Amino acid sequence: MPATLGELATRFGLELRGDPEQVVTGVAALGEAGPRDVSFLANPKFRRHLPDTGAGVVILDQAAAESCPVAALVTSNPYAAYARIASWLCAPAAAPAPGIHPSAIVEKGARLETGVAIGPLAFVGSGAVLGPGVVVGPGSVLDGKIEIGAATRLSARVTLIAQVTIGARCLLHPGVVLGSDGFGLAPDKDGWVKVPQLGGVRVGDDVEIGANTTVDRGAIGDTIIEDGAKLDNQIQIGHNVRIGAHTAIAACVGVAGSTTIGKRCMIGGGAGFAGHLEIADDVVINGYAMVTRSLTKKGGRYASGLPVDEVHEWRHMVGRVKRLERLNQRVRRLEQAAGSEPPDDADDPRD
Amino acid sequence: MPATLGELATRFGLELRGDPEQVVTGVAALGEAGPRDVSFLANPKFRRHLPDTGAGVVILDQAAAESCPVAALVTSNPYAAYARIASWLCAPAAAPAPGIHPSAIVEKGARLETGVAIGPLAFVGSGAVLGPGVVVGPGSVLDGKIEIGAATRLSARVTLIAQVTIGARCLLHPGVVLGSDGFGLAPDKDGWVKVPQLGGVRVGDDVEIGANTTVDRGAIGDTIIEDGAKLDNQIQIGHNVRIGAHTAIAACVGVAGSTTIGKRCMIGGGAGFAGHLEIADDVVINGYAMVTRSLTKKGGRYASGLPVDEVHEWRHMVGRVKRLERLNQRVRRLEQAAGSEPPDDADDPRD
Amino acid sequence: MPATLGELATRFGLELRGDPEQVVTGVAALGEAGPRDVSFLANPKFRRHLPDTGAGVVILDQAAAESCPVAALVTSNPYAAYARIASWLCAPAAAPAPGIHPSAIVEKGARLETGVAIGPLAFVGSGAVLGPGVVVGPGSVLDGKIEIGAATRLSARVTLIAQVTIGARCLLHPGVVLGSDGFGLAPDKDGWVKVPQLGGVRVGDDVEIGANTTVDRGAIGDTIIEDGAKLDNQIQIGHNVRIGAHTAIAACVGVAGSTTIGKRCMIGGGAGFAGHLEIADDVVINGYAMVTRSLTKKGGRYASGLPVDEVHEWRHMVGRVKRLERLNQRVRRLEQAAGSEPPDDADDPRD
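Keeping their order, the protein sequence lines are chains A, S and B.
So the first sequence is residues 293 to 643, counted in the working numbering.
So the second sequence is residues 293 to 643, counted in the working numbering.
So the third sequence is residues 293 to 643, counted in the working numbering.
If you are wondering where the hints come from, they were derived from the structure by calculation, not from laboratory data.
Only a predicted model underlies this, so the values are computations on that prediction, with no experimental measurement involved.
Among the hints, erroneous ones may be present.
Said to hold, decoys possible - Here are the simulated DSSO-like pairs of lysine-lysine, each with C-alpha atoms no more than 30 Å apart in a straight line:
1. S:K590 to S:K555
2. B:K437 to B:K481
3. A:K614 to S:K486
4. B:K589 to A:K614
5. S:K589 to B:K614
6. S:K437 to A:K481
7. B:K337 to S:K589
8. S:K614 to S:K590
9. S:K486 to B:K555
10. A:K589 to B:K589
11. A:K614 to B:K486
12. B:K337 to B:K400
13. A:K589 to S:K486
14. S:K437 to S:K481
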């Protein structure tokens, strides 16, 4: 979709340095853009591409704008401005046309508001209530008591089961499963007794859930994903977990049952949370972190794990760590020989 | 479904302290239950909710029963008793009606015993043999030589492929894949040669498999999940693995090829197992543990990994660990200066 | 399929020690094979099974052949030879018959070359272009601009969405999702702004992708999996990642956005990569490694993490590691008392 720079500046509230009549049609990375492309500079790492960029216009901040060789759209948050402009210029031609594909199965009893689109080979069971403009992509399964708010979109092959409520304007990617049983087992003398999972999953507005992510229903009460939370791919959310509003979780994270994560947190990929923890608001957790205790300090930043070494160094390191107790004893012995006082915890019985 | 306390006590073999005519209709958590709810107290952590509970009756043990302000159902295993009562009181109205949904495809040659229910848009290939009362949920795919025992239930969108045998009374959740090829590759001068995967997957009775969990077929011979094993979501089981009876594995665990895990083990979420290991019976492994050697001690308990620190402390810790060799040398030098004997492994050549 | 040893020797270029007229019909492991089975010995660990093997013939190397009690097919790469012979002897009866299953939906506009097979309940959208002999398994969804090269096979319930190009002779297993949105979010004052994901996924020739693995489309530009790469199950590949030719990645690995992994690398299960890294060619990374920096040494070998200990030892170890700073100070004090010079980094301000 072609647009003039003047139009972009006005529509998105940006300062334009350049010709308002200049036309752009797409977006591209700074190092690869051509004269009809909008590009952006947010991460200083890419600044070196600015002097030679062939872009038609670059979205950037005040400081960077000084050295921009082409037209500039100036803002204090170039990445967000880029996101909005790119969505508007390039996003796919909009939702599929409303209606039920002839190959889809929509059971009697399902309630569909206006503008709902049900894709090929989707199944919508009798307990479904779909708000205006909901899109159910091909191969999806909605089986149980399923309520979906206006304009929410299930991309393809999404499964909602048992008892799931989703707000408005959410986006669920292929392979997502919401409402599967939590892992509830009571040990008994002959093995495990299944603890029935009776709760549901409640998802707020403006939530995005990535491919093959799973969210279990609550055991008693619901598993909750609050407004504006963003979940990447292959995440596992256990029963009765609560994810706070606007929290973003990168791929491959696992959150065990009944843990609460606060609002506006950022969780790195591959991190894992034990069950029954409380994580405060605005906490940042690095990728691959192992979270086994509650983190109650608002805005705290946490990490764990040892980054890679070359294999032979890693092997030494492991050996040294496993002999740390021995090293401590050697230091203790030297201290005794020197007649010096060891610290109180030199022989800490907790160790 | 309403029931009297007397009925519950008799049916589940519990001691009732209270009015046998009192009626309950559902279950709820101790802190949220009302007068028609059954609740339970198993984890001492929740004991603080007991004095003020509004529950109609609480399932608990002898000791806790003393201070129960409402009716009590007394047992030495309150959680298992709760699981059984909740299943009986609240579990969904039972399996779907038998029959083949008109949108399902059941190929000629498939053998269906009495009472089988095939859901909408499911595919059952010619090689399938489904025992009495089997439920194949919507969107499932059974393609290959697939045998399923009585009353086993595939919730929705389950995929069984190639060669899969499943016992009786199993429960498979959405997104499960059984029978996919194992990762078998032979290096050759021009890249990888695929090693054909020729075995199957054999699952015992009373097994539960969580959403998006995958179990590969054996390379030669079968991958085996024994009776009563319980697998949570997003677990990966490699080819020729064997999971022992009644072993429970939490979410996001990966088990590499040909590893055997014993009976009645408990494996925490996110743990990983290298291939070709032997894990003894009754072993307990903490979440996120990295298991790279066989663990042959029956009933052993294992863990690994460093829990999160605040980011700046974590950074120091990583630096200190990576300079452990240096610290060891400094201690060695002090020992030499002091003329003291270092331990035999101070300069361990394995390091 | 029966074959004579002479036929196998000729067809696969192996030296036969034994009767060229002897007939074999299948394959089996060395310890379990019978007289009609081909077996192999590649891993020296299994050598103990050789003297008593009941196999009809064993594929092995020169050295091992000396002590082979039965017929031998001799080669310097027994595992690759086994892979080829087993594929030829035992592989499933070949692809399904070409044609479109009556329950499949193939939209007008889709282009199917000769010999394409579309399975039951599959959906092929109007933007699909399928090369000769492509197999689309049951329940698969191809929705968007999807191009697939000759003889590529989607096993079952594979989802290709948005914009995906796949080369020839690839094999995709159930639950695979290619083309889902990457995790692109720009922080703004009221939460996250979605960064539109506009690129595609490009997969080369001879690539295999395991069950429930997900590959996100690029944000701008494509996510790329080069020729001959092999991905196991439950892997997550972020947007704009590039996986080099013939690289093999074991299960449960996560690769964050814009990271490049070189050619012929081998990545162990459960490893995780931060975003924007460069990994050189021929790098080997152990399972569960946490890769947070670029690894630029061609052929380097890397690892991280601490293998399991018994729980009480692990607890001590964690305590000792967390008090390493204290131990360092104690050594520093002893050095000062002894008047000895500490190393330059004893009080490294980086710590």
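Between K486 (chain S) and K555 (chain B), does the CA-CA distance stay at or below 30 Å? holds (18 Å)
Holds or violated: K437 (chain S) with K481 (chain A), Cα cutoff 30 Å? violated (35 Å)
Pair hint outcome, K589 (chain S) versus K614 (chain B) [Cα-Cα no greater than 30 Å]: holds (28 Å)
Restraint status (C-alpha distance of K614 (chain A) to K486 (chain B) at most 30 Å): Violated: K614 (chain A) and K486 (chain B) sit about 46 Å apart, past 30 Å.
Regarding the pair K589 (chain A) and K486 (chain S), is the alpha-carbon distance no greater than 30 Å? Status violated; Cα separation ~51 Å.
Against the 30 Å threshold, does the CA-CA distance of K437 (chain S) and K481 (chain S) hold or violate the hint? violated (35 Å)
Take the C-alpha atoms of K337 (chain B) and K400 (chain B), compute the straight-line distance between them, and say whether it is at most 30 Å. Given pair K337 (chain B), K400 (chain B) is violated - Cα atoms ~56 Å apart, limit 30 Å.
Under the criterion that the straight-line Cα-Cα distance not exceed 30 Å, is the pair K614 (chain S), K590 (chain S) satisfied? violated (34 Å)
Is the hinted pair K590 (chain S) and K555 (chain S) satisfied, with a Cα-Cα distance of at most 30 Å? Given pair K590 (chain S), K555 (chain S) holds - Cα atoms ~10 Å apart, limit 30 Å.
Between K437 (chain B) and K481 (chain B), is the straight-line Cα distance small enough, at 30 Å or below? violated (35 Å)
Taking only the CA atoms, is the gap from K589 (chain B) to K614 (chain A) under or equal to 30 Å? holds (28 Å)
Do the alpha carbons of K337 (chain B) and K589 (chain S) lie within 30 Å of each other, as the hint requires? holds (23 Å)
Checked against the numbered hints above, the structure breaks hints 2, 3, 6, 8, 10, 11, 12, 13, 14 and satisfies the rest.
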